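K.L.:
Sequence:
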Amino acid sequence: MAVSPCTTPELQDLLPFRCSNTQIQALETPTHHHLFFECGFSETIWAYFAAKVWPNPPLDLHSAAAWINMARNNFSPQARCIIKLVFQSSIYLIWKERNLRIFTSTSSTTNTVHSAVDRKIRDQLLSIQPSPRIQPSFLQFFFACTRPL
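Going letter by letter, the sequence shown gives residues 12 to 160 in our numbering.
Take the hints with a grain of salt, since some may be wrong.
[To be verified] Listed next, the in silico SDA-like pairs over lysine to any residue satisfying Cα-Cα at most 25 Å (straight line):
no., residue 1, residue 2
1, LYS63, GLN151
2, LYS63, ALA127
3, LYS107, PRO69
4, LYS131, TYR103
5, LYS95, GLU49
6, LYS95, LEU150
7, LYS95, GLY51
8, LYS131, TRP65
9, LYS131, PHE98
10, LYS95, SER126
11, LYS131, THR115
12, LYS131, PRO147
13, LYS107, ASP71
14, LYS63, HIS45
15, LYS95, LEU46
16, LYS107, LEU70
17, LYS131, ALA77
18, LYS107, THR117
19, LYS63, THR121
20, LYS107, ILE79
[As the list claims (entries may be wrong)] Computed beta-carbon distance windows for the label pairs:
no., residue 1, residue 2, range
21, ALA77, ARG112, 23 to 33 Å
22, ASN80, GLN140, 18 to 28 Å
23, ILE145, SER118, 34 to 44 Å
24, THR123, LEU70, 15 to 25 Å
25, ILE145, ALA76, 20 to 30 Å
26, ARG112, GLN146, 40 to 50 Å
27, SER116, ASP71, 26 to 36 Å
28, GLN140, HIS43, 27 to 37 Å
In short, the hints are calculated from the structure, not lab data. Predicted model only: the values in this text are computed from it and were never measured. Backbone N, C-alpha and C fix where the C-beta goes; we use that ideal spot for every residue, glycine too.
Kindly produce the complete structure, drawing on both the sequences and the hints.
P.N.:
Rendered as structure tokens:
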């Protein structure tokens, strides 16, 4: 059985992260920028964790990457490591959620994705060998910034 490719209106119906701020945004094809940093769902995931580590995190992809790069000399090694993990984990799990919504028609709440990001970061921090030179440990620093969900 041949499957016909989706048309643009069909794809619009499948898109999981529609921004309800304006009708125009709901009709536009979302870009990566919109999906990761303008969509309310994604913004709550990124901003929740990023604001716990550093004040006033940017809400767009390019600024966030520059913000992380700029912070090399301004923040502790723990903060630099954790914000990179927050960035990576948020993008990975938002993309995973997008794919689940498109391909399996299932969706998770922001609390579920928050918990998944938190778990992913903690798992990665547990794999880092503690160093006597860096105190507090990365995991201790993360717990000091945000309580586990």
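K.L.:
Please verify whether LYS131 and TYR103 have alpha carbons no more than 25 Å apart.
P.N.:
holds (10 Å)
K.L.:
Is LYS95 close enough to LEU150, meaning Cα to Cα at most 25 Å?
P.N.:
holds (14 Å)
K.L.:
Is it true that the CA of LYS95 sits at most 25 Å from the CA of SER126?
P.N.:
holds (18 Å)
K.L.:
Holds or violated: are the alpha carbons of LYS107 and PRO69 at most 25 Å from each other?
P.N.:
holds (22 Å)
K.L.:
Check the hint pairing LYS131 with ALA77 against an upper bound of 25 Å on the C-alpha distance.
P.N.:
holds (23 Å)
K.L.:
Does 18 to 28 Å hold as the CB distance between ASN80 and GLN140, or does it fail?
P.N.:
holds (25 Å)
K.L.:
Would the hint linking LYS131 and PHE98 be met if the CA-CA limit is 25 Å?
P.N.:
Holds. LYS131 to PHE98 sits at ~12 Å (cutoff 25 Å).
K.L.:
Is it true that the CA of LYS95 sits at most 25 Å from the CA of GLY51?
P.N.:
holds (21 Å)
K.L.:
Next pair to validate is LYS63 with HIS45; report whether the Cα-Cα distance is within 25 Å.
P.N.:
holds (22 Å)
K.L.:
So does ALA77 sit 23 to 33 Å from ARG112, Cβ to Cβ?
P.N.:
Since ALA77 and ARG112 have Cβ atoms about 30 Å apart, the given range 23 to 33 Å holds.
K.L.:
Is LYS63 close enough to THR121, meaning Cα to Cα at most 25 Å?
P.N.:
Holds - the C-alpha atoms of THR121 and LYS63 are around 17 Å apart, at most 25 Å.
K.L.:
Would you check the hint for LYS95 and LEU46, treating anything up to 25 Å between C-alpha atoms as holding?
P.N.:
Satisfied, since the Cα-Cα distance of roughly 19 Å is no more than 25 Å.
Hint check: no violations occur; every hint is consistent with the structure.
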